[in-house]
Amino acid sequence: MTTHDQIRQIEVDAGPRRFARGWHCLGLARDLTDGKPHQINAFGQKLVVFAGEDGTINVLDAYCRHMGGDLSQGIVKGNEIACPFHDWRWGGDGRCKQIPYARRVPLRARTASWPTLVQDGMLFVWNDPQGNPPPADVTIPRIPQVDDDRWTDWIWYETVIEGANCREIVDNVVDMAHFFYIHYSFPTYFKNVFEGTAAYQYMDGAGRDDVRPATPSRNNPTVLGTTSVAAYHGPSFMIDEVTYHYEDLDVDTILINCHYPIDENSFVLQYGIIVEKKDGISDADAELMAAKTGKFIKYGFEQDVAIWKSKARIDNPLLCEEDGPVYQLRRWYQQFYVDVEDVTPEMTDRFEFEIDTTRPNEAWRAEVEQNLAARRG
Amino acid sequence: MSTPRTDVRLDVRLEAAPMQPVGCGTCGATVLARKSSWDQTTLQWTAAALATCAERRTTTAGSERPNRNAFTGCSALTAAIRAAAVAGQLDVQSDEPLPTNPEAHP
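So the protein sequences, as listed, match chains A and B.
So the first sequence is numbered by our numbering: it starts at 1 and just counts up by one.
So the second sequence is numbered by our numbering: it starts at 1 and just counts up by one.
Everything labelled a hint here was simulated from the structure, so no lab data went into it.
Please note: incorrect hints may appear among the correct ones.
What the hints assert, rightly or not - Among the chain B residues that face chain A by a calculated CB cut under 7 Å, a handful are:
#: 1; residue: Ser-37
#: 2; residue: Arg-82
#: 3; residue: Thr-100
To be verified - Between beta-carbon pairs, the in silico distance windows are:
#: 4; chain 1: B; residue 1: Asp-91; chain 2: A; residue 2: Asp-285; range: 23 to 31 Å
#: 5; chain 1: A; residue 1: Asp-93; chain 2: B; residue 2: Ala-16; range: 53 to 61 Å
#: 6; chain 1: A; residue 1: Lys-311; chain 2: B; residue 2: Ala-16; range: 20 to 28 Å
C-beta: ideal position from N, C-alpha, C; glycine also.
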């Protein structure tokens, strides 16, 4: 017998050399419609996002097909982006519309343009390595609450994650235990459902006495628990409906957790929050709550990032029965990285996994008690 | 050094205890299920089983909330899986006895 037989080795498969097929949110439309070009590094490329006089948001490859100028450093003129190098004008359809110093535009003066969707205040682009247009049935669900006066406006954050493939953040959707250890939550119910291009997470959480404010106040009330229905709609865009239960009321929030890959080893993480303005809560208090929730989520992601920065990529995770369906999630996720004709039923067939939280909850109750005892000194 | 794998791997937990077929008494759909304990369930549907499921077909999408129109699960199938486990037709990996008095296990 050798020690080699006894030690479990971490296995790392070839990382994906392509970027996921699907709708990716690039940010809020309001931040991208200021008449200026915006540089977005995504899908291993440099893109330029600009809105012309007609208000339409366009996404093009940033490098001018003339002499390679960077269109994201150019100027929006009319409905076109003008290259800073020689003023060649490119339309949102990817065609060169005009060269001010030339009699005519040469043949094949066309650059890559990306299908876009503006919905509920957000800009999405369709990425498909095969170059197919977005199928009609591959959509992002509407969030009518965004246009509802009874809800706050988006609070939006963006952060660049270096040194990690975006699969790390997608793994979180099944990782119940990390919500206790990394995010100061206390999951009491946890179920995943994958079907088609959606991956759901149903989670109920209890409040944690050991992370509550020592003295709750009107502006800092005690959260008794949370009810959350979160879902990835496609490879990168998650909507999370979270209800916070307080002693005298429930507050509904809708969170967005989305990302787009910069390259194989970095991605841009974005998250947004809207909060329902309940009767008896002033607009200012609702905005304050949205801001506070945002800060809490920001802190949570920073905790994730600290882990991602030093962890290993692992394709053969060793799981206990109280862990979620990591392998089946990755099987679902794989559908976005193969050609559409190679998507197999096992990647998209409905799959359900409910965790037994009995043993985790016993252990966590004990740990919370220990933390409280330590706090009391 | 072997060539890196690109296939989809099998859940390590299924190596020792694979999924087992369970039929639903209500609609006749057959799915694959696994229980590591009385309160844990893994459930693999096929397109055919999903098309057969009566509860699935009668689920209506009427919510204004983006995530609330999804089918959360079939109660008849949940009952069938539990019944199969109680009857010993579906293995329960944990050796804990069936909790017969829920009040004793809050």
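Hint-by-hint comparison with the structure:
no., hint, verdict
1, Ser-37, "holds, 5 Å"
2, Arg-82, "violated, 12 Å"
3, Thr-100, "violated, 15 Å"
4, B:Asp-91 - A:Asp-285: 23 to 31 Å, "violated, 53 Å"
5, A:Asp-93 - B:Ala-16: 53 to 61 Å, "holds, 57 Å"
6, A:Lys-311 - B:Ala-16: 20 to 28 Å, "holds, 27 Å"
The structure does not agree with the numbered hints 2, 3 and 4 stated previously, though it agrees with the rest.
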